[in-house]
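Chains as they are written, first to last, in UniProt numbering: chain G, 1 to 280; chain L, 1 to 280; chain D, 1 to 280; chain C, 1 to 280; chain R, 1 to 280; chain A, 1 to 280; chain Z, 1 to 280.
These are calculated hints, taken from the structure and not from any lab test. Wrong hints could be hidden among the right ones.
As the list claims (entries may be wrong) - Chain C is faced by these chain A residues, among others (derived, beta-carbon under 8 Å):
(1) K41
(2) G113
(3) Y141
(4) L162
(5) P166
(6) I267
(7) Y269
(8) V273
(9) N274
Stated by the list, open to error - Partner residues are not named here, just some residues of chain G that face chain C (Cβ under 8 Å, in silico):
(10) R178
(11) R182
(12) Q225
C-beta: ideal position from N, C-alpha, C; glycine also.
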Amino acid sequence: MDIFKEGLNFDIGGILSIALPVVLKILLLIIAFIVFVPIGKKVIEKTIQKAGKSEKLSPGRVKTLEKLLVNVFSYVMIFVFFVMLFAIFAIPIAPLLAGAGIVGLAIGFGAQGLVSDVVTGFFILLERQMEIDDYVTSGGYDGIVEEVGFRTTKIRSFDGTLNFVPNRLLEGVANHSRGNMRALVDIGISYEDNIDEAIAVLERVCAEFQEDERFKDGPNALGVQGIGASDIVLRVVGQTENGLQFACERDMRKRIKLAFDEAGVDIPYPHQVNVEKMTK
Amino acid sequence: MDIFKEGLNFDIGGILSIALPVVLKILLLIIAFIVFVPIGKKVIEKTIQKAGKSEKLSPGRVKTLEKLLVNVFSYVMIFVFFVMLFAIFAIPIAPLLAGAGIVGLAIGFGAQGLVSDVVTGFFILLERQMEIDDYVTSGGYDGIVEEVGFRTTKIRSFDGTLNFVPNRLLEGVANHSRGNMRALVDIGISYEDNIDEAIAVLERVCAEFQEDERFKDGPNALGVQGIGASDIVLRVVGQTENGLQFACERDMRKRIKLAFDEAGVDIPYPHQVNVEKMTK
Amino acid sequence: MDIFKEGLNFDIGGILSIALPVVLKILLLIIAFIVFVPIGKKVIEKTIQKAGKSEKLSPGRVKTLEKLLVNVFSYVMIFVFFVMLFAIFAIPIAPLLAGAGIVGLAIGFGAQGLVSDVVTGFFILLERQMEIDDYVTSGGYDGIVEEVGFRTTKIRSFDGTLNFVPNRLLEGVANHSRGNMRALVDIGISYEDNIDEAIAVLERVCAEFQEDERFKDGPNALGVQGIGASDIVLRVVGQTENGLQFACERDMRKRIKLAFDEAGVDIPYPHQVNVEKMTK
Amino acid sequence: MDIFKEGLNFDIGGILSIALPVVLKILLLIIAFIVFVPIGKKVIEKTIQKAGKSEKLSPGRVKTLEKLLVNVFSYVMIFVFFVMLFAIFAIPIAPLLAGAGIVGLAIGFGAQGLVSDVVTGFFILLERQMEIDDYVTSGGYDGIVEEVGFRTTKIRSFDGTLNFVPNRLLEGVANHSRGNMRALVDIGISYEDNIDEAIAVLERVCAEFQEDERFKDGPNALGVQGIGASDIVLRVVGQTENGLQFACERDMRKRIKLAFDEAGVDIPYPHQVNVEKMTK
Amino acid sequence: MDIFKEGLNFDIGGILSIALPVVLKILLLIIAFIVFVPIGKKVIEKTIQKAGKSEKLSPGRVKTLEKLLVNVFSYVMIFVFFVMLFAIFAIPIAPLLAGAGIVGLAIGFGAQGLVSDVVTGFFILLERQMEIDDYVTSGGYDGIVEEVGFRTTKIRSFDGTLNFVPNRLLEGVANHSRGNMRALVDIGISYEDNIDEAIAVLERVCAEFQEDERFKDGPNALGVQGIGASDIVLRVVGQTENGLQFACERDMRKRIKLAFDEAGVDIPYPHQVNVEKMTK
Amino acid sequence: MDIFKEGLNFDIGGILSIALPVVLKILLLIIAFIVFVPIGKKVIEKTIQKAGKSEKLSPGRVKTLEKLLVNVFSYVMIFVFFVMLFAIFAIPIAPLLAGAGIVGLAIGFGAQGLVSDVVTGFFILLERQMEIDDYVTSGGYDGIVEEVGFRTTKIRSFDGTLNFVPNRLLEGVANHSRGNMRALVDIGISYEDNIDEAIAVLERVCAEFQEDERFKDGPNALGVQGIGASDIVLRVVGQTENGLQFACERDMRKRIKLAFDEAGVDIPYPHQVNVEKMTK
Amino acid sequence: MDIFKEGLNFDIGGILSIALPVVLKILLLIIAFIVFVPIGKKVIEKTIQKAGKSEKLSPGRVKTLEKLLVNVFSYVMIFVFFVMLFAIFAIPIAPLLAGAGIVGLAIGFGAQGLVSDVVTGFFILLERQMEIDDYVTSGGYDGIVEEVGFRTTKIRSFDGTLNFVPNRLLEGVANHSRGNMRALVDIGISYEDNIDEAIAVLERVCAEFQEDERFKDGPNALGVQGIGASDIVLRVVGQTENGLQFACERDMRKRIKLAFDEAGVDIPYPHQVNVEKMTK
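Bound conformation, chain G alone (with noise of 0.2 Å):
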């Protein structure tokens, strides 16, 4: 009885100085989600709605982000609580968690791209560095945007091929599709030509474009771009209204090439002095 006895009292002992803590760490750790699960629900509605607000983005999108963002959470919440839980009934979870390190070594850099994806997606959206139907060039495709997911964007060329380009290869957007466009022409006169006369002749043509309402900033003739091997390179250019810039491109090359023809300005052919030798 003795045996017994010690034997007993010292397990009661020992198992109550473990049951104890264990059932308040349970408490604790219960507490503890309850508390600061809806709080960090919460925390990241408003932050949502706030950057919303401030940066100008549709409810509709709003929404789409609160609702990506919450759910990422709760399934993170989910997994943290039944990792502790284990971890406070002292079952094991470290070595398995260190067993599924070197699957994890592969599929942590495998996966690497895809968190890359949705962190830009994320800045895209919020940045609005696109939308639908901008016509932008990013990660050496350049086309109208049909759809900004998450992880893949939609872009298509002018071609009409459709691109479907995971966003981390959209690191810098290059956006044609935010404010007034460059019109540009560079025209080239003969050495023979007068440069003066030459300017003139753009200036009055510039002159009839500036009365265009496509144009916001009037062409100007800039002067001598350059001096090339066989012509002197002129200059003209203005601001147009967005998307209009190639069409007036195509309206002043034509209407320069007249009036040139008119004032009898010469575009000159390359040139070539042929120097003869009749021996050998």
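Fit chains L, D, C, R, A and Z to the known structure of chain G by using the hints.
What follows is chains L, D, C, R, A and Z alone, placed relative to chain G:
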């Protein structure tokens, strides 16, 4: 006997105090797995079926995705179960894993490409970036998709070559089989030709093709696209049914050449002005 | 004696309490290995045989793959067994492994290429991306495959060079020995020639070759492929048996040249318009 | 009762020996934070203000930098406090963190670009590498800076495109708006012209421009920069006010051309010696 | 005395309970090494000798490989022995190793290249990718192999330069000294020449060279390889003994030129059609 | 009372056995720091001063380096002291650090560039790779060094642009301001000219310049550097004072041209043999 | 007193049981270092001297290598000694090291280049890849080696620029100062010239140069190297003393030109066949 008594009762106490939690842990572990594994499988199946519906995937493909992911999940769970069992019996699994670490590091890095392949392949299928018989350009390969696998995609080049491309190389996919394609012809006329007259000829040709039902958005003459060294370049652009753009361009080129011949509009050869210098 | 008694009985108790679980662990470990290793081998063999059947690999290759993987598995298991044995005897294997860590890091990175080679080589064999005597282009090498190894592939260039290429460089494989190949001839006619007439000549030549059994899909004249600086480019395309495309193209080129000579169609030299300017 | 007594007095002792240090630790932790956090904030504020003064940053920018860094510091401190609190209560935070490790690895790599952006952005602001309205070339983008953010910088290209560039791409910054700029004109004269005479003409033109107040270091004729295939190349170089270099170059080109025309100096076309061979 | 007795007998017990396993561990460790090290050496020797036989390496090279690997093995074993000895005596080797970790990380990365060199060098030797006096192209270097070392390979360029190339740069090896080499001559004839006649001339020349014993597979005229801007390109191809391909090509070029001269077949200069335009 | 006695005397013993080593450790730690920190500072100062002397750095730069390194050392020591203090009090700093690990990983990678900048900057200063007003080419930037900082170097391009270059981009530095520079002129003479005569002319010109004190190693005519398509290229090379090489080359070009004109040596234009073909 | 007795005798026992092994460990550690450090130094010295002898390094260089490595070894040993001492006293060095881990990671990556520099520099010296005054091409730099350091190598370009190149950029070294160099001249003759006659002229010139003692393997005429657009290219190749190849080539070019002039062999200008077309 006192010795025996003290020594043994200590042993029994010690073993009991070790054995009890072990049995409890094992039971908990088994229960956790009995509860968790089927739930996990169901969640995967539901998620795939839902994703399949919203993405309108064919039932066959949904089945494939489902089966693949459930398989992967099962293998991982079996591995996890044994690792945790070993850990509960305190058989040192950690050094084993650490010992595997050096090898694992190498393998992890080596297999990293494999994971990238599967992740990218998963999204190619899910986002339907390419489907069999699509004409795509991606990762430097250009041709018709013959098979999209989880690791490798087979693309048949137009010269008959069969390309085996690991999915990770297919980062951005340019799919030429989604929607109408552009037919574009640039044609040069000589400086002496009347631009308006040439455009009128082009517009007559365009009018003919606008009747052609292959064109979804009839070809139009845009105007002076550029002033070349020896010619004025005019551009004609239209939208055709997918896959017919090359045939349409060929027909347009032939028709424009003939129309220009009839109208006496000249497509010029390269020009050069020769200045003769007799001395030297 | 009391001292001895207490000291010793404590010792015996302590040793027993240490020795017993150790023996149990060793037994468990040995049993685990006796059960696990043959199962593992069987699983590998079955998997390879099944994969071999579904991929229609030759029995010889299946044997090779099987043997290789079983060998690797055996070595790893022996290594694992000794590491766990040491750990049970509490001989500190961990610091040893940690000590090897620095060296291991370097080796891990250095050997990473080796693992990549084996992984890629495994898939080249399994997916039959290339087989001996195939004509392939991959990793910047172009030629006939002489040997596909697990680490290195030997490719014989057409100039006779033997290339030893580590498999990891063979990421995407362009295999030119799978199915019919295209024979394509582009030929320029002069601006003055009648396009329809020239196409008629080409179609007559094509008709001849359509009889040729080397052609699987008879060559056809496609039309005006381009408007060059000095010529109108016409295209003829056909499908030939694998490996005969170059000979077919050579025959077609010769036949077209002769047919054009007979019909009086001109293949033009580069043209240049010379404008003479006497002054200067 | 003896049982109870021994068991309990052991418990009390054990709990006391556990509880006392815990309370002490928590107190120490709280005190440490009460002391450390405000000091940390002050240090940050002082550092930024001092850096701001020595770099002559505007008070607004100093404010922005200060606020940003104090915010980041606060969030990190709150995170640290809770982690340490959990650790004191022996709630196993470590496995949680380990569990988050796999995800964290991926995120760490993915977010790495973000950190690079902020670090680079911080130095762009601190070192004033670019300011709004500066004309810069960096990371392959060329244009006027519209906004420098912590993550993204907006650069307006001259063609009107708005570029969103992550700061990490702006490694080296070429700022064209700091100090005088060079105006350089290279002009070729013919082999037959007298070099000294041509240089004299250039020096006369330079003398005119040296009067021009746009020039900070009057243009000078440097001499024979090269012997070309058909011409002797002369170079004229000057320093102009920032931003006026292109206009100055245009004016100089026009003026030099006119001066050469007056002085009879020839700007030659490409030359070729033609050797006539009649046979063949 | 009671104090002393209790204190000391406790000490003796404690020391004994510590000392006994230590002695046992050391014995086990020494036995393990006495057994393991010679076995390891034998295994290495056997493996190398077997590999040497199956790869038909010269006995000298086998010796070198054997010696090198046994040396490396010995050094590693000595290092391992001392680390484990220190660990058994509980001298803290772990922090030392951890302390070396930061330095080790840097060294590990820095030495990574060294390991790559040795690994690649090992396979170059084992797979006989290149041998002394082979003519190889690899890693951008082209020339005759003078020495293959474990870290560096010396390649003598044809201009006399001696290149020291770290083996890791020799990823893919193009060995030009394995088997027959191709001799290829492309030659253009004029549009006016009779193709069949020119091919007949080429075949007569080929017949002569087929007698030449340097040719392993006599040269043959393949036909019309291309239609150039000014010529019809014909191709002649043959297989020569290794190393004689350049001399054979030189001889064939000279012979073909002479044969064409005799037969009146013209190798044309570039052609240009000049269209004279007098106006302008 | 017996309870109390046993419980308390156990407590006191336990606390004492904990408290004593703690106090000892703290004392040891403080002593270690009092001894170590000033020694460390002295060592740094001495090392820098010694390095400064042997590298002949200016006292100001030595001061800067010294101050910077002592500062960094102090901050690191303070950080180390508090970490060790916390660790002695057993406040769990490890999980905190682990908790910071994920963030730290990202920061570590992000800040990696910063460390590279400082390390490279340190060596640029120490090895005097570039100094203010040196003309350097490095990292794709070319110009005059305006400032060498620890993170960023400012290089002024010759067109006036100020480049802010992070030091890590300045891997290899080409410094054009260290020692004499080469002046090299290549000049072509016609095939009909007498080579020896032309070289004699060049040597006469060289003799003149050898008098010029700007030349450190008088220019010499080297001979026939190449046989061009239309000319025989002769080369003249000399060594000039640093910075005067461009002016010298300009003067030599002008002088050679004049000397050739006088001596009747022809600098030829590109030649072409025209073969006239009338038919076709 | 009973309390005191029990408490204290427990303390003394505890302290003794802690103190004894500590003293033993310290003694063992000191002995280990007294034995190990001089042995390590001797081993390094012996190794270097032996390597120096077998590589025939100059005594000065051996001294430098020896001193450097012994220094590095000493510093590492001192660091190791203190780390182990701290660890024996149980002052927690591990968290300190962990705390330094984040910083260390960054530094490790940043300093990685430094280690690469030293490792590469070590092998450049040991394998004598380049020595002072050698003419080398490596890492994109081309010139004369002025200094090979452990971190940086100074290469003087032929234009006078001094390049500071971190050794890690000098991966493959092309050393142009080891052994004879090739002198090669390619020269074109016209289609009308007699090939055999031209080769005879070349062989006569070669015979002259074979007398020249600068040639180690007299120049020989190889034959028809290529059939150019306008010429037949002949090749002359020889081996010259190191460093004289450029002068030899210049002399050969001049001599061949003169010999061809004498023999009436024509070096042709580019040819073009002009087909005149009058219409259009």
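Going through the hints against the structure:
| no. | hint | verdict |
| --- | --- | --- |
| 1 | K41 | violated, 22 Å |
| 2 | G113 | holds, 7 Å |
| 3 | Y141 | holds, 7 Å |
| 4 | L162 | holds, 4 Å |
| 5 | P166 | holds, 6 Å |
| 6 | I267 | holds, 7 Å |
| 7 | Y269 | holds, 4 Å |
| 8 | V273 | holds, 5 Å |
| 9 | N274 | holds, 5 Å |
| 10 | R178 | holds, 4 Å |
| 11 | R182 | holds, 5 Å |
| 12 | Q225 | holds, 7 Å |
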